[in-house]
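So the protein sequences, as listed, match chains A and B. The end of the first sequence is residue 165 by my numbering, with every number in the run present. The end of the second sequence is residue 262 by my numbering, with every number in the run present.
Read the hints as simulated data drawn from the structure, not as lab findings. Glycine included, every Cβ here is placed at the ideal spot set by N, Cα and C. There may be inaccurate statements among the hints.
To be verified - Under 8 angstroms between C-beta atoms, here's a sample of chain A residues computed to sit facing chain B:
#	residue
1	Ile41
2	Gly65
3	Glu95
4	Val98
5	Asp142
What the hints assert, rightly or not - Derived DEER-like restraints, expressed as beta-carbon distance ranges:
#	chain 1	residue 1	chain 2	residue 2	range
6	B	Pro63	A	Glu144	30 to 36 angstroms
7	A	Thr100	B	Leu255	48 to 54 angstroms
8	A	Asp142	B	Gly188	30 to 36 angstroms
9	A	Gln145	B	Gly141	46 to 52 angstroms
10	A	Glu112	B	Gly141	41 to 47 angstroms
11	A	Val115	B	Leu259	30 to 36 angstroms
12	A	Arg153	B	Glu151	21 to 27 angstroms
In case you want the letters, here they are:
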Amino acid sequence: MYRRKMPEVPEKGCTERNLLVTARPGGHAAAWTEGSGVSGIDECLLRAMALPGARGAALVEWVSGLALGVVGEAAGGDHEVVAAETAAYARATAEHPVFTADQDGPGPAAQEVVVVTGTGYHLLRFTEAPYEGGVFLYLWLDREQANLALAMRGLRALAEGLVLV
Amino acid sequence: MSQAAAHSPVSPMLSRLAQERATGVLIRDTGTLYLADGEVVHAESPAAPGIEVLLTAGGRLSPEAFQEAVAAAGAECATGRWLVEHRRLAAGELEISRLGALHDAAYFVLSPGAGGQSRFRHGVRHWFGSPGGVPVAAVEGEARRRRLLLESLWPHPRLDAAPVTAARTALRPGARPFLPRRQAALLGLADGVRTPSAIAALLGRPAFHALVDVRRLAALGLVETPRGSARTPGRAPAWFQNIGDDPDAALLRRLRVALERL
């Protein structure tokens with residue numbers, strides 16, 4: 001059922017102005033642009049950066065804290081730290097006794113986390129991963145420029161697109 | 001582990017191969033690293049489940065579909081591409097699994113305690129195929145970060161290779177605190193014989209995830225922390241190390257571990 005779902009139409013309100021890609025020296029992001037063109041993870045992160053107000057995005061494995069891909073700015077300056085710290089937060093959410101109380105299927109019971117700060121939005125979207133203890137998309141947005149509803153809808157579509165055959 | 005040891009390159013040979021932009025396979029006692037143009041494209045270790053286990057465990061890909069892909073494209077080293085082109089897997093999903101398996105196995109291959117000779121066979125490619133590699137420095141950095149993460153959870157490295165034994169408190173009904181489902185599943189398989197790697201293979205998870213959960217369970221007092229002398233994985237005998245000249249050595253090593261698990 002999940003696999004048959006049609007891809008959602010890309011957001012009309014997307015602008016390219018936030019498309020700043022900073023490949024970390026020696027980081028993972030650099031690895032993906034080589035070889036046979038843009039990869040699934042890269043493309044997903046670049047599209048996340050096209051959402052209005054996007055400042056940084058990452059795809060992170062939440063058990064290990066492995067950054068599978070990073071793009072844009074990192075809150076605090078270090079993408080690796082952001083990946084490790086958001087992974088700890090994501091794990092606490094995914095395994096929380098209250099949030100998992102009525103869990104009825106595989107994968108994390110929690111689907112999304114929204115943290116609103118004075119200056120920004122931090123969004124976490126868990127994806128249905130190939131193996132348990134999977135990954136989440138993280139998106140950091142500027143609160144002045146971003147549209148929270150639009151960003152959440154966009155992130156949801158991107159997370160589905162990652163694992164959509 | 002001292003701070004100095006944590007930041008020195010794990011394998012000087014690997015750094016040299018990266019500089020030379022070498023293509024081939026690095027064979028160590030702990031597993032193998034496949035390089036293409038000096039970047040790591042694949043890793044295998046007897047201690048970590050292979051990518052086929054991770055891909056098929058969650059039910060997203062059937063073992064039959066995987067066999068079909070290997071039969072059709074394994075000889076051309078394009079199994080992964082075949083799976084995506086024939087719409088068995090999404091490109092993103094494949095990459096997540098490939099990178100997850102790579103860093104999982106590389107953590108064991110690059111473990112500082114690994115002894116024996118490293119050998120490199122030029123020109124060898126992996127049957128799975130890969131669109132892009134990860135720089136050696138990034139793979140080593142991630143392995144280092146993982147070691148520090150485990151240290152911060154519960155500083156008892158012996159837990160990584162020792163059989164997992166559930167503590168008596170964990171077996172008493174009602175005495176157990178709330179456990180997330182993933183940790184409960186692991187504890188359920190802790191029979192005092194299986195190692196974290198064996199449990200990870202049974203559950204179809206990356207082995208490092210099992211190491212993390214075992215450390216957390218030990219910190220909670222639900223898994224026994226081994227005491228006494230260090231129990232490191234046994235070094236392979238000299239005659240066995242020499243079979244590194246054989247391209248199928250990695251297969252033999254995995255076979256040996258699989259037989260030990262029975």
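Hint by hint, here is what the structure shows:
1. Ile41: Since chain B brings a Cβ to about 5 angstroms from A:Ile41, closer than 8 angstroms, the hint holds.
2. Gly65: Since chain B brings a Cβ to about 7 angstroms from A:Gly65, closer than 8 angstroms, the hint holds.
3. Glu95: holds (3 angstroms)
4. Val98: violated (10 angstroms)
5. Asp142: violated (26 angstroms)
6. B:Pro63 - A:Glu144: 30 to 36 angstroms: Once the Cβ atoms are compared, 51 angstroms apart, the range 30 to 36 angstroms for A:Glu144 and B:Pro63 is violated.
7. A:Thr100 - B:Leu255: 48 to 54 angstroms: With a Cβ separation near 39 angstroms, A:Thr100 and B:Leu255 fall outside 48 to 54 angstroms, so the hint is violated.
8. A:Asp142 - B:Gly188: 30 to 36 angstroms: violated (46 angstroms)
9. A:Gln145 - B:Gly141: 46 to 52 angstroms: violated (33 angstroms)
10. A:Glu112 - B:Gly141: 41 to 47 angstroms: violated (30 angstroms)
11. A:Val115 - B:Leu259: 30 to 36 angstroms: violated (49 angstroms)
12. A:Arg153 - B:Glu151: 21 to 27 angstroms: violated (41 angstroms)
This entry does not satisfy hints 4, 5, 6, 7, 8, 9, 10, 11, 12, going by the numbered hints stated previously.
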